[in-house]
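Construct all of the structure, not just a fragment, from the sequences and the given hints.
There are 2 protein chains.
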Amino acid sequence: MVATTQSIEKLCINSIRFLAIDAVEKANSGHPGLPMGAAPMAFVLWDKFLRFNPKNPQWFNRDRFVLSAGHGCMLHYALLYLTGYDSVSLDDIKQFRQWESKTPGHPENFMTEGVEVTTGPLGQGISNAVGLATAEAHLAARFNKPDCKIVDHYTYVIASDGDLMEGVSNEASSTAGHLGLGKLIVLYDDNHISIDGETELAFTEDVLKRYEGLGWHIQSVEDGNTDLDSIEKAIANAKEVTDKPSIIRVTTTIGYGSPNKANSHDSHGAALGKDEVAATRQQLGWEYSEFEIPQDALNHFRKAIDRGAQAEQEWNQLFAEYKAKYAEDGKNFEQLINGELPAGWEEALPKYTPDDKADATRNQSGEVLNALSPALPGLLGGSADLAPSNKTYVKSSGDFQKDEYHNRNFRFGVREHGMGAICNGIAHHNSGLIPYGATFLIFTDYMRGAIRLSALSRAGVIWVMTHDSIGLGEDGPTHQPIEHIASLRAIPNLAVFRPADGNETSGAYKVAVERAVGTPHAPTLLSLSRQKLPNLAGSSIEKAAKGGYVLSDSEGTPELILIGTGSEVELCVNAAEQLRQEGKKVRVVSMPSWELFEAQDEGYKESVLPQVVTKRVAVEAGTTFGWCRYVGAEGAVIGIDHFGVSAPGGEAMEKFGFNTENVLATAKKVLG
Amino acid sequence: MVATTQSIEKLCINSIRFLAIDAVEKANSGHPGLPMGAAPMAFVLWDKFLRFNPKNPQWFNRDRFVLSAGHGCMLHYALLYLTGYDSVSLDDIKQFRQWESKTPGHPENFMTEGVEVTTGPLGQGISNAVGLATAEAHLAARFNKPDCKIVDHYTYVIASDGDLMEGVSNEASSTAGHLGLGKLIVLYDDNHISIDGETELAFTEDVLKRYEGLGWHIQSVEDGNTDLDSIEKAIANAKEVTDKPSIIRVTTTIGYGSPNKANSHDSHGAALGKDEVAATRQQLGWEYSEFEIPQDALNHFRKAIDRGAQAEQEWNQLFAEYKAKYAEDGKNFEQLINGELPAGWEEALPKYTPDDKADATRNQSGEVLNALSPALPGLLGGSADLAPSNKTYVKSSGDFQKDEYHNRNFRFGVREHGMGAICNGIAHHNSGLIPYGATFLIFTDYMRGAIRLSALSRAGVIWVMTHDSIGLGEDGPTHQPIEHIASLRAIPNLAVFRPADGNETSGAYKVAVERAVGTPHAPTLLSLSRQKLPNLAGSSIEKAAKGGYVLSDSEGTPELILIGTGSEVELCVNAAEQLRQEGKKVRVVSMPSWELFEAQDEGYKESVLPQVVTKRVAVEAGTTFGWCRYVGAEGAVIGIDHFGVSAPGGEAMEKFGFNTENVLATAKKVLG
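These protein sequence lines are chains B and P, in that order. For the first sequence, counting from 1, position 3 maps to 2 in numbering that gives the first Met the number 0; every step adds exactly one. For the second sequence, counting from 1, position 654 maps to 653 in numbering that gives the first Met the number 0; every step adds exactly one.
Treat each hint with caution, since some may be false.
Which copy is meant is left open, because identical chains are indistinguishable; a pair holds if it fits in one copy or across any two.
Heads up, simulated DSBU-like pairs for lysine-lysine below, C-alpha to C-alpha not over 35 Å straight-line [what the hints assert, rightly or not]: (1) LYS25 <-> LYS394; (2) LYS144 <-> LYS401; (3) LYS54 <-> LYS542; (4) LYS654 <-> LYS25.
Just so you know, the hints here were simulated from the structure itself, not pulled from any lab data.
Right, dumping it as structure tokens:
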């Protein structure tokens, strides 16, 4: 029998626990175990360390908190409610996991203010956090003055066993260690339970030794259930270590407090059940009813409101001093974090004419990036060890490294998924930074989890993908994309852009930048060629930005429409020329982006692809999957639905039918 | 000036080097640096340790060699040629990276005998190797007798920095350490160069410490360029350690021997160029001309032929003794490794009727797996920490663990990509094992690299994916697949199967097993529901195996065809019933697999979807992307092209239009 007078800490911690228990129980769905076990460490973190203003979740200099183990989101929602965020009321908590509630089943930053990133898929949150810490370090290096540190906050993570098993987290953690991101602190909820059961079944590595190898500062807290002092000391120690990220292994009991389900996977992912909820109340001496929070606890939590208001006020003062002393920097800083693009930035976009040399769109992409970088202070990024191939290096800056955080070229290493999650984190720092991440289009396969989350979580990221077809040649079928453009098009909210020449590449970046800072933010993926392509007559940035447009036409209603994207537009142009010489009325449509085209009004779309013109041929060096939408029953598609081959790119293209003769022959067949 | 008499080792090592240099030069494409740097360790391995028969690349008890750093494939091709494999002649080497040559740009097991797995995408090979070692351990535990060890071989890997940066390799390596796979030995070519330049730029972790944390035995060789003795000792040591996998960091110089490009990323991924090739010849004192191999070296290498023949002969004798003593085991072993399925295995497939309880296809999948496991000795697999959710646990066996390698349930942990690559490795052990790997359909995103490779490399794997739509409910949009089925359909050579009920689930497994052992092997991916579905009248294993079939029909030519897959077939059935009551002629087609349907003859396909019937409605709780193929301009698709929502599954399905009323309304609209 537990004494009825509990310390304020116990009251607060159990408040978190029981909000989670009750919410999951009411929804009859969810994950009570982690909130019950991690409540102590979360309380210590939020009560003693986390600097935030519940009434202003967007306060620039707040510490960032990420629950990487997103399934435990009732932990986060409980804290948001208890500390006084307006975004989560008690009613919202009662609506946990219900249609359009503010408390969805995994944390969604676009749904619930106070949630920084979208988690659920394991490994993403901790990797986003590397991006958040990266953004802080970068902005601090760029803007802080010795007497005015306006950028100064920590990034905290609560991560699970599952997070640390995922490869993406090892990638991002290796990067974090390499970069020495000293203001990143991870609390590892070591409850040695996962869905299958004990971690003994599959996860017996020495996690701290691995992290030591990754260059992190390591600590452990033996009793994460009741030893609040040790948790506090460990976090304080971690803050003191400024040249390494820190991980603290906090050993807890999942489902702590539940007599029959604690320390078992039974408490991981299902409601405890009425009887067990009652038994847990008894075991922990919790006399309060469903969703009832003791006033003392609420008062204690709500002190965060005054604390936060004061912290923000102090920062406002500091920033006012900064602006007074460093007017130019102050102006630039404000413009940046408000997401305002400098006026006239589009003037920096290169324009091309058919007289310009034929070039690979990956090269033109490099030219655009280099032209935009001085014009867009927020643009920064890098490649997963393919900078010379992706052409993403910005010559006017250096490498972002330890003690060189002001630079704008990231070296992500051969870590595509880590790169993706880090870029999402940089975007979600919400400070006007526009990150780009690059690799070969084929390796979008390695990072699809992060690409999808950029679309779902509304991250303003630019994905720069080169070597986009069999045209890349000898590297062969393991490297030649076939299904990739189609499969990326299928992701909602992601705009895929496959430019045909320099103007279309500039257009792609215009759109990508606008989407990155738009409302809502949205990601864009560029698909770029390895091989040289001519600059086309009739292309322009403005037309390309519509996603599809008439590149060239005959008089009157066309008999036939040739639709091309990227490297195949040239074939359409050549075939059209010949067909017109033979007296046919042919229109050439370049369609660099389905999504942008579909977003145009009906009148425009009809003007480009009139319904009445049913004879159409689409040409794209990728799968034909999905093209029926634009060519219909009377049309044809020239594509490739099988794996590629290791051979010189020109030969592969030629032999697989990507040549003018084949387009002609197909067109004539369609014309009948 | 180098002395013209070189040791036989130097002659051999330089033979490897110059074949690589010359082949890349001739192709003007490829990666000379790694072969030049890793030639010494590869020579020691192949000369002193690797047990193989060049004249029988399929010899069961051969050691397995994997070049995880697949871009360095000229290293492997050179060794295949030099040691006397028939699969790679000198002409083949001269055709490096040319159309349909046996020496493609990255190693392809289906192209070149002697190559065990397809590599190129980094991190895959070393992870496949965990699967190869897993297969060896499993078969050894099942079949070996104390006096007759017929399964006894090592798995060796040469891996690069890039391989070790990739998250997938950390996942698989953690699993290998957990499992104590003592016969897995990795040589880490530590040349501190990657495409971007020095690894100092991005990869500064203490790799050996990380691997120590992962439970591996660690060693290092300081001078991997010339200290052959140390390389040899390290491999010998590694073989002695029987309870841990081993990694040996061998420090080398990329492009060793090239005066101007050694130790630089310039030698990584491009031909050296005529002048540098000549300079390298001079530096290494190599007097032989293009593709010319000194006879002494060739003779030395070719001793592998006699060695291999003898090793195989000894093994054959051993196996003969085994069969004599242990006839039953011998018979079973032979049948298994020859890929022969036991006669009548299909009888074990459960059959269902509409009277059987409504059930989730994930549950029925579990029933099928449990029924098949005793009937198919090669079937084994597991889940990425979702066994209770995926229902993949086979009750008649235990967990595959250290000292329990005979068991058939794998615990992959939260490591989807590692699981994928490990399963590919198990399949590529080519011993009749049929692995299955399971997770939530949404997390195919995390392992697409491995899924694609299963299709490209012709691996007989079964991918078991559950929770396949918004029907899964409260976990919300981060977990609800939208674009996944379409994007997986777009992968060539992969059959995606979305069964509607128990019979179709059995049918899916029938097909999947046949594909796994077919010629060629091929993977299959199952998409299974979380929620209960009724068993449908008219379904059967045989019909489902055709990929699409008429579930129910009216008399004569239908006016309308309703096409459903998986959980939505029920809606089509219900709507058809109503429409028929209203006097309409309606056909219901269940289409569990596009790929299997397309593989049927034209007559069959026409009989199911007659061209003349243009009024069609397709219903699938996923993206509409690609369905135009089957519904045409006059048809309609009921799907979902936006992200899902966190709410109870039934509510989500209902509100997003997956209900009989909406199918009816859409059908009537189409009928006009």
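Now for the hints, and whether the structure bears them out:
1. In the homo-oligomer, the alpha carbons of LYS25 and LYS394 lie at most 35 Å apart only across protomers (33 Å), although the nearest pairing inside one protomer, at 57 Å, exceeds that limit.
2. For the identical chains of this complex, LYS144 and LYS401 are intra-copy neighbours only, at 18 Å inside a copy versus 57 Å across copies, given an alpha-carbon limit of 35 Å.
3. When the C-alpha separation of LYS54 and LYS542 is checked against a cutoff of 35 Å, the pair qualifies neither within a copy, at 44 Å, nor between copies, at 61 Å.
4. For the identical chains of this complex, LYS654 and LYS25 are inter-copy neighbours only, at 21 Å across copies versus 62 Å inside a copy, given an alpha-carbon limit of 35 Å.
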